[in-house]
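Novice: Chains A and B, in that order, are what the protein sequence lines are.
Everything in the first sequence is counted per the working numbering, starting at 1 for the first residue and increasing by one.
Everything in the second sequence is counted per the working numbering, starting at 449 for the first residue and increasing by one.
If you're looking for bench data, these hints aren't it; they were derived computationally from the structure.
Treat the numbers as computed from the prediction; the structure is a model and nothing was measured.
Careful, some of the hints might be misleading.
[Claimed, not checked] From the structure, some residues in chain B lie toward chain A, with a derived Cβ separation under 10 Å:
no.: 1; residue: L453
no.: 2; residue: P455
no.: 3; residue: V512
no.: 4; residue: C513
no.: 5; residue: R724
no.: 6; residue: S785
no.: 7; residue: T790
no.: 8; residue: P839
no.: 9; residue: A851
Note that CB positions come from ideal geometry on N, CA and C, so glycine has one too.
Protein chains: 2
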Amino acid sequence: MKLKLAPVEGAVAAPQGFRTGGVFCDIKRLGTGKGSDKGQKLDLALIVSDVPCAVAGLFTTNQVCAAPVKVCVPRTAKGIAQAVVINSGNANACTGRIGMKDALAMADLTESTLGIPRGYALVASTGRIGVNLPMPQVRAGIADCATQLGHSVDHANRATEAIMTSDTKPKQVAVQLKLGGKTVRIGGTCKGAGMIQPGMSPTGARPAALPSGVPAGLHATMLGFITTDAAVEARTLQKALTEAVANSFNRITVDGDMSTNDTVLVLANGLSGNDRIKSTKHKDFAAFQAALNHVCLSLAKMIVRDGEGVHRVVTVRVSGAKSIAEADAAARAVGNSALVKTSWHGGDPNWGRIIDALGYSPATLVEDKVDIGYSDPGSKKILWSLRRGQPTKATFAELCKAAAPDEFDLHIRLNLGKGEAVLYAADLTEAYVDYNKGNVADPTTLGG
Amino acid sequence: MKLKLAPVEGAVAAPQGFRTGGVFCDIKRLGTGKGSDKGQKLDLALIVSDVPCAVAGLFTTNQVCAAPVKVCVPRTAKGIAQAVVINSGNANACTGRIGMKDALAMADLTESTLGIPRGYALVASTGRIGVNLPMPQVRAGIADCATQLGHSVDHANRATEAIMTSDTKPKQVAVQLKLGGKTVRIGGTCKGAGMIQPGMSPTGARPAALPSGVPAGLHATMLGFITTDAAVEARTLQKALTEAVANSFNRITVDGDMSTNDTVLVLANGLSGNDRIKSTKHKDFAAFQAALNHVCLSLAKMIVRDGEGVHRVVTVRVSGAKSIAEADAAARAVGNSALVKTSWHGGDPNWGRIIDALGYSPATLVEDKVDIGYSDPGSKKILWSLRRGQPTKATFAELCKAAAPDEFDLHIRLNLGKGEAVLYAADLTEAYVDYNKGNVADPTTLGG
Numbered sequence: 001m002k003l004k005l006a007p008v009e010g011a012v013a014a015p016q017g018f019r020t021g022g023v024f025c026d027i028k029r030l031g032t033g034k035g036s037d038k039g040q041k042l043d044l045a046l047i048v049s050d051v052p053c054a055v056a057g058l059f060t061t062n063q064v065c066a067a068p069v070k071v072c073v074p075r076t077a078k079g080i081a082q083a084v085v086i087n088s089g090n091a092n093a094c095t096g097r098i099g100m101k102d103a104l105a106m107a108d109l110t111e112s113t114l115g116i117p118r119g120y121a122l123v124a125s126t127g128r129i130g131v132n133l134p135m136p137q138v139r140a141g142i143a144d145c146a147t148q149l150g151h152s153v154d155h156a157n158r159a160t161e162a163i164m165t166s167d168t169k170p171k172q173v174a175v176q177l178k179l180g181g182k183t184v185r186i187g188g189t190c191k192g193a194g195m196i197q198p199g200m201s202p203t204g205a206r207p208a209a210l211p212s213g214v215p216a217g218l219h220a221t222m223l224g225f226i227t228t229d230a231a232v233e234a235r236t237l238q239k240a241l242t243e244a245v246a247n248s249f250n251r252i253t254v255d256g257d258m259s260t261n262d263t264v265l266v267l268a269n270g271l272s273g274n275d276r277i278k279s280t281k282h283k284d285f286a287a288f289q290a291a292l293n294h295v296c297l298s299l300a301k302m303i304v305r306d307g308e309g310v311h312r313v314v315t316v317r318v319s320g321a322k323s324i325a326e327a328d329a330a331a332r333a334v335g336n337s338a339l340v341k342t343s344w345h346g347g348d349p350n351w352g353r354i355i356d357a358l359g360y361s362p363a364t365l366v367e368d369k370v371d372i373g374y375s376d377p378g379s380k381k382i383l384w385s386l387r388r389g390q391p392t393k394a395t396f397a398e399l400c401k402a403a404a405p406d407e408f409d410l411h412i413r414l415n416l417g418k419g420e421a422v423l424y425a426a427d428l429t430e431a432y433v434d435y436n437k438g439n440v441a442d443p444t445t446l447g448g
Numbered sequence: 449m450k451l452k453l454a455p456v457e458g459a460v461a462a463p464q465g466f467r468t469g470g471v472f473c474d475i476k477r478l479g480t481g482k483g484s485d486k487g488q489k490l491d492l493a494l495i496v497s498d499v500p501c502a503v504a505g506l507f508t509t510n511q512v513c514a515a516p517v518k519v520c521v522p523r524t525a526k527g528i529a530q531a532v533v534i535n536s537g538n539a540n541a542c543t544g545r546i547g548m549k550d551a552l553a554m555a556d557l558t559e560s561t562l563g564i565p566r567g568y569a570l571v572a573s574t575g576r577i578g579v580n581l582p583m584p585q586v587r588a589g590i591a592d593c594a595t596q597l598g599h600s601v602d603h604a605n606r607a608t609e610a611i612m613t614s615d616t617k618p619k620q621v622a623v624q625l626k627l628g629g630k631t632v633r634i635g636g637t638c639k640g641a642g643m644i645q646p647g648m649s650p651t652g653a654r655p656a657a658l659p660s661g662v663p664a665g666l667h668a669t670m671l672g673f674i675t676t677d678a679a680v681e682a683r684t685l686q687k688a689l690t691e692a693v694a695n696s697f698n699r700i701t702v703d704g705d706m707s708t709n710d711t712v713l714v715l716a717n718g719l720s721g722n723d724r725i726k727s728t729k730h731k732d733f734a735a736f737q738a739a740l741n742h743v744c745l746s747l748a749k750m751i752v753r754d755g756e757g758v759h760r761v762v763t764v765r766v767s768g769a770k771s772i773a774e775a776d777a778a779a780r781a782v783g784n785s786a787l788v789k790t791s792w793h794g795g796d797p798n799w800g801r802i803i804d805a806l807g808y809s810p811a812t813l814v815e816d817k818v819d820i821g822y823s824d825p826g827s828k829k830i831l832w833s834l835r836r837g838q839p840t841k842a843t844f845a846e847l848c849k850a851a852a853p854d855e856f857d858l859h860i861r862l863n864l865g866k867g868e869a870v871l872y873a874a875d876l877t878e879a880y881v882d883y884n885k886g887n888v889a890d891p892t893t894l895g896g
């Protein structure tokens with residue numbers, strides 16, 4: 001199937017019937033006991049549909065999960081929602097009963113202010129862990145934001161800015177496609193730069209341990225919000241989102257740390273008038289899935305590209321593993337190795353560190369079967385540094401050139417089986433360390 | 449039992465009947481195609497006993513293991529040896545058949561030059577992976593070193609210097625104790641600063657996957673050499689070393705990367721004249737074990753303290769886990785988290801990052817049961833930041849003070865079971881990144 005996707009403006013406000021907004025309500029400074037940073041970045045967003053939506057979501061599998069996640073899991077399972085309220089500057093994680101009360105109060109206030117049914121608002125938070133939300137400010141923010149909602153590009157931009165934390169760039173996308181003659185749009189916005197290695201599931205429950213000692217879902221805060229005017233039944237929407245996230249947000253790492261707050265939500269309000277996609281067998285499902293995949297992967301890659309201190313983005317492509325789980329484990333061992341990541345920072349084509357990481361990963365490896373090579377992103381033209389465990393005739397200068405671009409693909413073939421996995425990974429720089437060590441003399445510099 | 453251990457000088461040359469030496473033979477520069485750095489640090493060492501020794505060893509469980517490890521495993525299993533030859537500047541890892549031939553040639557030449565029986569020399573290497581050894585230089589080095597062996601403190605110091613790579617300080621220790629009226633000495637030297645998270649076993653084979661999804665031995669190059677004039681039967685010596693390493697070298701991490709070359713060897717020549725310790729039930733076994741534990745733990749801690757770019761050393765003490773394996777997994781998740789390590793660098797008592805790492809570790813955790821606190825090294829006086837998942841009344845300033853020393857203990861109680869584990873870990877600094885990114889324009893700056 002040849003999918004025709006046209007980029008459109010407006011991100012989460014692009015699909016029909018969605019209004020968004022972002023305001024400043026002074027969440028972060030209060031959360032750390034400091035004075036106002038009024039006039040600085042926005043910190044509270046609303047995404048609202050004119051009508052109730054089918055909803056689907058995936059949530060962190062961290063055993064320590066934030067109050068907003070605990071609120072969203074059962075609400076999403078019901079399959080119906082109409083609005084999302086999001087704050088940055090405070091994760092509302094490890095905040096006990098008060099945290100749960102605050103998350104529910106955010107949802108309640110959103111519903112009453114917008115005049116939508118009880119239980120139809122979802123909640124997400126990102127920022128420092130272990131600090132209670134400054135609720136007077138949050139309440140004022142929700143009330144303020146609700147008066148400023150709109151469909152414009154500027155409204156979408158404000159929502160995107162409001163959810164950013166250490167992000168240096170807004171991350172958003174929207175596409176348009178035809179489904180059965182009707183024009184359907186899918187828009188998305190996301191945030192995330194550090195504490196990034198999501199491993200999300202629909203219920204937040206951890207997957208069982210995988211065979212061969214491969215660790216279960218060792219996979220930060222990222223938040224992603226997707227809107228569409230497609231008509232899709234909620235269960236089918238969940239299947240589509242689970243599939244899309246498995247190949248996008250769950251395949252990225254910046255620092256290997258999975259957050260307590262990772263959340264991806266999709267709201268489908270059906271206003272495009274397409275024939276409702278009631279199952280994965282519906283004639284339009286494949287096209288919808290492909291478009292959703294495109295939106296999720298575009299957003300996920302933006303997170304890695306804007307990762308804290310990141311200079312180089314490396315797509316680790318493992319094939320020939322004994323299983324998909326082993327391919328995944330191998331890719332994560334390489335993509336999270338401090339020594340591999342610092343070598344990427346230095347532009348050093350150090351296959352020794354790569355094979356070392358492969359060797360200690362839970363994946364099975366036979367040294368004299370391993371191939372390691374480089375290509376431009378997505379290219380099949382690979383410069384091999386190692387074939388069957390032996391250095392090739394490629395010169396150090398040639399390999400340095402291959403490892404020099406800001407983005408390249410690293411190809412690893414284990415040549416043992418059919419398991420494949422891709423991981424979008426990044427280098428480790430002094431800037432990452434400097435940012436995350438913060439300065440205890442100024443608690444506002446301290447990260448999540 | 450109250451063990452009386454007296455520190456003595458001379459490290460690996462301290463026990464009776466051991467001679468050591470270190471020379472410069474120009475291994476590293478040649479290995480990277482650069483000219484001589486003659487006059488710079490020593491790069492080849494010999495440790496030699498006057499008589500054959502009982503021998504025991506533990507080796508990396510990385511599936512990619514260096515040629516010298518492959519030579520040592522079967523030789524150590526025979527339980528008898530008389531000399532060790534060690535080079536720095538080249539790991540002789542991923543070097544194929546030539547690498548194996550070179551490692552065997554190093555052993556052969558050591559035996560013939562010293563006039564000891566065939567098969568009685570052991571070999572170890574450390575440095576860059578994937579480069580063949582410059583054998584003419586290595587041969588000249590062994591011949592040169594064999595003419596310069598001696599018992600003096602200076603001889604021991606030269607051996608220790610010769611095995612160092614990115615180490616900024618020599619790491620050695622020796623103790624003396626009484627066994628059945630006889631004076632016994634144990635001396636040790638080691639190296640290691642990066643690619644450090646050893647997980648060694650007597651055969652280099654990986655342990656089976658552990659229960660509850662806990663990954664098997666996810667655990668750098670460190671080399672450790674221990675000599676003693678105690679008389680200990682080889683199998684019993686292996687048991688003692690396995691036990692000592694389980695609580696020392698296998699409990700450290702600098703960067704979470706397990707090396708292809710990790711090796712710890714102990715040679716016992718019996719020249720002290722003590723009653724031969726033939727089993728773990730022998731009356732002197734416990735005292736010998738305790739002394740060996742002391743030597744191994746002292747050396748292991750020196751590696752973390754001198755870890756690449758390390759400023760703060762943190763002893764992570766996990767208790768109350770469901771099992772020992774889960775306690776270990778929890779400690780390693782914390783001790784290898786980029787965000788926890790950068791917060792240690794900043795002196796930020798960020799319990800949010802700690803509980804986040806615990807939450808994604810394979811260990812079972814219940815958020816409202818977790819305690820997190822700080823103490824001086826080895827002290828029972830703990831300042832808690834979190835009790836039962838709730839922040840305590842300790843002030844941010846008090847917690848900052850607790851996380852400010854160059855060394856402190858981090859106490860984590862999961863309060864779910866009886867599993868305990870200790871991990872000697874370190875912060876992540878800009879200096880680590882800077883060192884390990886190297887400079888591709890000068891390959892001699894590129895690490896292993």
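Novice: Evaluate each hint against the coordinates.
Specialist: Verification of the supplied hints:
1. L453: Interface hint status for L453 (chain B): violated (34 Å vs cutoff 10 Å).
2. P455: This interface hint is violated because 34 Å lies over the 10 Å limit.
3. V512: 3 Å, holds
4. C513: 8 Å, holds
5. R724: 38 Å, violated
6. S785: 6 Å, holds
7. T790: Holds: closest Cβ of chain A sits about 4 Å from T790 (chain B), inside 10 Å.
8. P839: 6 Å, holds
9. A851: 8 Å, holds
This entry does not satisfy hints 1, 2 and 5, going by the numbered hints stated previously.
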